[in-house]
Amino acid sequence: MAKENISADQLISVIISGIEDVKGKEINLLDLRDIENTVCDYFIICEGTSNTQVNAIVNSVQKKVSKELKDNPWHTEGVDNAEWVLIDYVNVVVHVFQKHIREFYDIESLWGDAKTTIIETSY
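Residues in the sequence shown are numbered from 46 upward in steps of one, following this note's numbering.
In case anyone wonders, no lab produced these hints; they're calculated from the structure.
From a predicted model like this one, the values you see are computed outputs, not experimental measurements.
There are no misleading hints in this set.
Below 30 Å or equal to it, Euclidean Cα-Cα: the simulated DSS-like pairs (lysine-lysine) are: (1) Lys144 / Lys160; (2) Lys144 / Lys108; (3) Lys115 / Lys70; (4) Lys144 / Lys68; (5) Lys115 / Lys68; (6) Lys108 / Lys68; (7) Lys112 / Lys144; (8) Lys108 / Lys70; (9) Lys70 / Lys109; (10) Lys109 / Lys144; (11) Lys115 / Lys160; (12) Lys70 / Lys112; (13) Lys108 / Lys160; (14) Lys68 / Lys160; (15) Lys144 / Lys70; (16) Lys160 / Lys70; (17) Lys68 / Lys112; (18) Lys68 / Lys109; (19) Lys109 / Lys160.
Label pairs and their in silico Cβ distance ranges: (20) Lys108 / Glu81: 32 to 42 Å; (21) Asn50 / Phe149: 37 to 47 Å; (22) Asp54 / Trp119: 13 to 23 Å; (23) Ala53 / Ile163: 11 to 21 Å; (24) Asp79 / Ile163: 12 to 22 Å; (25) Thr83 / Asn117: 17 to 27 Å; (26) Lys115 / Gly157: 30 to 40 Å; (27) Asp125 / Asp79: 28 to 38 Å; (28) Ser111 / Cys85: 11 to 21 Å.
Glycine included, every Cβ here is placed at the ideal spot set by N, Cα and C.
Model the full assembly from the supplied sequences, consistent with the hints where possible.
Structure, rendered in structure tokens:
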């Protein structure tokens, strides 16, 4: 089965590329591996400026991961209102927010013990 051969680094790289393809903003990678009792190893958090862009980011990530790594998310949630969409690839969970929802829930602070990497974009 192809999924077993995919490293977390490969998956993260393809996910970030999918976000960048549609100009997702404020991309952060949270490494949760050193925190006890976490649901996954990594969070990738980003934001879109509208429901349309949030959906575009989600679609871009899913298509790119499917095409390049032959993998699909285990679960996706929040697509209907597109304010906060969660894409669960088991060890890597992607959170795509609209700005005001991201500020309200402040996931980065909730997981403040995680090692955070800010992904620089060129746009």
